[in-house]
Amino acid sequence: MFQLMLQGLIWWCLGLIGGQSSPGQSCNVTSTYPFVAVEFDSFHNRWDPVTEGLKNRSTANAWITYDSSTRNLSVYLSYDANPVFNGDSNISYVIDLRSILPERVRVGFASATGANYELHNILSWDFNSTLEDVDISVTPPPTK
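Note that the sequence shown covers residues -19 to -1, 1 to 125 in mature numbering (1 follows the signal peptide of the UniProt record, and there is no 0).
Keep in mind the hints are simulated off the structure, nothing from the lab. You may find that some hints are simply not true.
Here are the simulated EDC-like cross-link-like pairs (lysine to aspartate or glutamate), alpha carbons at most 16 Å apart as the crow flies [unchecked claim]:
1) K36 <-> D107
2) K36 <-> E20
3) K36 <-> D22
4) K36 <-> D61
Quick list of the computed label-pair ranges, beta carbon to beta carbon [claimed, not checked]:
5) Y60 <-> E84: 45 to 51 Å
6) P30 <-> A62: 35 to 41 Å
7) A18 <-> S105: 43 to 49 Å
8) L104 <-> V75: 29 to 35 Å
9) I45 <-> P123: 34 to 40 Å
Computed from a prediction, not measured in an experiment: that's the story for all the values here. We put the CB at the ideal spot given by N, CA and C, even for glycine.
Please construct the entire structure, taking both the sequences and the accompanying hints into account.
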């Protein structure tokens, strides 16, 4: 759940190289530190598609999910007071995160304004990752 006041906020997932993330550097497309980001952009640039956009000074609820079997990264956004996430998404993108991110990552939020003023409040958030159990049968060595 978050509130936006002006330009934008991103949720990011930054790959760790050698157990370290980028030391105080910005993430950019030429970075050796791979990352994936979901942008909540409340500033309409001239190249942005014509959409309703994000609501300024409103509390939003967002769910970001990734299904590794379908490689589907989905985002659901709602301004309802008590939203119920049923798996539907407002936007989705097929992407193989295993080909972009290393095994260990750091997740978080970042925001930027350019020359404008903004206030972003992360009211609450949680992160959940599950690993499917794989049944690996180990045959004991033969006894003598």
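Between the beta carbons of I45 and P123, is the distance compatible with 34 to 40 Å? Violated: the Cβ-Cβ distance is about 50 Å, outside 34 to 40 Å.
Agreement of K36 and D22 with the hint, judged by alpha carbon distance not exceeding 16 Å: 10 Å, holds
Take a quick look at whether K36 and E20 sit within 16 Å of each other, Cα to Cα. 14 Å, holds
Does K36 pair with D61 here, judged by a C-alpha cut-off of 16 Å? 12 Å, holds
Assuming the hint says 35 to 41 Å, is it satisfied by the Cβ distance from P30 to A62 or not? Cβ of P30 to Cβ of A62: about 28 Å, so the range 35 to 41 Å is violated.
V75 and L104 - C-beta distance against the hinted 29 to 35 Å: This hint holds: roughly 30 Å between Cβ atoms.
Is it true that Y60 and E84 lie within 45 to 51 Å of each other by Cβ? 36 Å, violated
Starting from the hint 43 to 49 Å, judge whether the C-beta atoms of A18 and S105 obey it. For S105 against A18, whose Cβ atoms are near 20 Å apart, the range 43 to 49 Å is violated.
Would you check the hint for K36 and D107, treating anything up to 16 Å between C-alpha atoms as holding? 22 Å, violated
The structure fails hints 1, 5, 6, 7, 9 (numbered hints given earlier, in ascending order).
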